[in-house]
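Undergrad: This is what each chain is made of:
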Amino acid sequence: MRDAKDCLARASEMERRAGACGAPNLETELLSMAQTWRYLAQQALWQDAFTAQTLQDSDLK
Amino acid sequence: MPRPIPGIEDAQTLAQAIVDTIHEPLLVLDSAFSVLAASRSFYETFKVDPEHTVGCPLYALGDGQWDIPALRELLETIIPERVAMNGFEVNHDFPGLGRRVMLLNARKVIYETSANSTILLAFTDITARRAIEREKESLLSRTRDLLNQKEVLLQEMQHRVANSLQIIASILMLKARAVTSDEIRFHLKDAHQRVISVAEVQSHLHASGGVNQIEVGPYLTKLCASLAASMVGDSQPIALKVVADDATIGSDKAVSIGLIVTELLINAVKYAFPVFKDDARVTVTFASDDEAWTLTVGDNGVGKAVKPVQGRPGGLGTVIVDALVKQLDGQMTVASADGMTVMIRHPHLAALPPVEA
Numbered sequence: 000m001r002d003a004k005d006c007l008a009r010a011s012e013m014e015r016r017a018g019a020c021g022a023p024n025l026e027t028e029l030l031s032m033a034q035t036w037r038y039l040a041q042q043a044l045w046q047d048a049f050t051a052q053t054l055q056d057s058d059l060k
Numbered sequence: 048m049p050r051p052i053p054g055i056e057d058a059q060t061l062a063q064a065i066v067d068t069i070h071e072p073l074l075v076l077d078s079a080f081s082v083l084a085a086s087r088s089f090y091e092t093f094k095v096d097p098e099h100t101v102g103c104p105l106y107a108l109g110d111g112q113w114d115i116p117a118l119r120e121l122l123e124t125i126i127p128e129r130v131a132m133n134g135f136e137v138n139h140d141f142p143g144l145g146r147r148v149m150l151l152n153a154r155k156v157i158y159e160t161s162a163n164s165t166i167l168l169a170f171t172d173i174t175a176r177r178a179i180e181r182e183k184e185s186l187l188s189r190t191r192d193l194l195n196q197k198e199v200l201l202q203e204m205q206h207r208v209a210n211s212l213q214i215i216a217s218i219l220m221l222k223a224r225a226v227t228s229d230e231i232r233f234h235l236k237d238a239h240q241r242v243i244s245v246a247e248v249q250s251h252l253h254a255s256g257g258v259n260q261i262e263v264g265p266y267l268t269k270l271c272a273s274l275a276a277s278m279v280g281d282s283q284p285i286a287l288k289v290v291a292d293d294a295t296i297g298s299d300k301a302v303s304i305g306l307i308v309t310e311l312l313i314n315a316v317k318y319a320f321p322v323f324k325d326d327a328r329v330t331v332t333f334a335s336d337d338e339a340w341t342l343t344v345g346d347n348g349v350g351k352a353v354k355p356v357q358g359r360p361g362g363l364g365t366v367i368v369d370a371l372v373k374q375l376d377g378q379m380t381v382a383s384a385d386g387m388t389v390m391i392r393h394p395h396l397a398a399l400p401p402v403e404a
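Residue numbers (this note's numbering), protein chains in the order written: chain A, 0 to 60; chain B, 48 to 404.
Hints are computed from structural coordinates only; laboratory data are not their basis. Predicted model only: the values in this text are computed from it and were never measured. Note that the Cβ used here is the ideal one computed from N, Cα and C, for glycine as well. Any given hint might turn out to be false.
As the list claims (entries may be wrong) - FRET-style restraints, in silico, Cβ to Cβ:
1. Gly21/A / Leu194/B: 16 to 22 Å
2. Thr171/B / Lys4/A: 52 to 58 Å
3. Ile218/B / Gly21/A: 46 to 52 Å
4. Glu12/A / Ala225/B: 41 to 47 Å
5. Thr50/A / Phe233/B: 25 to 31 Å
6. Thr50/A / Gly280/B: 25 to 31 Å
Could you build the full structure based on these sequences and the hints that come with them?
TA: Here it is, written out as structure tokens:
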């Protein structure tokens, strides 16, 4: 699984490609993928933070 | 059999007419590569006139624009050896025309009545075709890349969905360990097991490549193997067997079937063997014919309890199975002899009777 930083890097890469491709259909596809990568970055943020916190809590017990 | 041309003059007239008629540029050269004749399209394409063409050495034409190493190789090396050469590609910057990709067809004509020979040299301008091919290749490459990127994205989505389910299951298990009430612990562990089951179905669908049609046999076999690994304890070993034909099924139905099998397995593991049994077994069967598919989950346990046990029948598992069977438009029958057998039959769409208006 990729972490939030990696997901955001992929989102930026998709946006860069969308800006450079010059084909409207492809641009829409790439922007949609960029949006999904940003959503995944949010998922990664809370999931990874939650897992780390849970591990920390169980270590403290 | 072709009719002979009456005289040599007529033959020359015919040859010239052919040269003038063909669409592609064509040159007729003598054995020293001087131009004997050129087609009208040659003059038009390469913007030269007959006065400065006929009788001139090919390599000197148009201020030496035809003095091309590849063309020399074709005429001086290949043609003497092979007599004919088709599809010889020359990429050259022609003055006034720009860079062009030309496909050359050359043929040496040998006469029976003369020691002289001539060479026919035809040109096809494939610059536009090559540009289209390059564009097509580039488009294909971009499409392949996009598909790869989408595949990576889809996999990441599936990993995150699985992770969410795993987190929910972990929370339930943490809570189950923390509570003091046995009943609450039972329900929390039950909920944990169900979330794990959903995660298993999701993960097995993911592993099958996300295609629309799922092969039922391998799907159920893998699903049951991992369910058995997580549910069947050492205190009561249960042999789990999957028997399935080579049927395939839509992924939407595969989800429902997976969840039904999971619920029935949970039920069998929990309630079919309240006392130790040596040869405890659960068999999952999937069979499909022209009319319908049938899913059967049977055990050799104690069968249906006379006094309803919590969760069997009428428990959450039954509610879930009922809902899934209804969603599938299937028919469920339960038999209790030598254990318990649940059979779900689903007619194929084509086998359904027509709906009356």
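Undergrad: Run every hint past the structure and note whether it holds.
TA: Verification of the supplied hints:
Evaluation of the 16 to 22 Å hint for Gly21/A and Leu194/B yields a pass: the beta carbon distance comes to about 20 Å. At about 55 Å, the CB distance of Thr171/B to Lys4/A agrees with the hint of 52 to 58 Å. The hinted range of 46 to 52 Å is satisfied by Ile218/B and Gly21/A, whose Cβ atoms lie roughly 48 Å apart. Between Glu12/A and Ala225/B the CB atoms are about 44 Å apart, so this pair conforms to the stated range of 41 to 47 Å.
A beta carbon spacing of about 27 Å between Thr50/A and Phe233/B agrees with the range 25 to 31 Å that was offered as a hint. At about 27 Å, the beta-carbon gap between Thr50/A and Gly280/B stays in the expected band of 25 to 31 Å.
Of the numbered hints given earlier, the model fails none.
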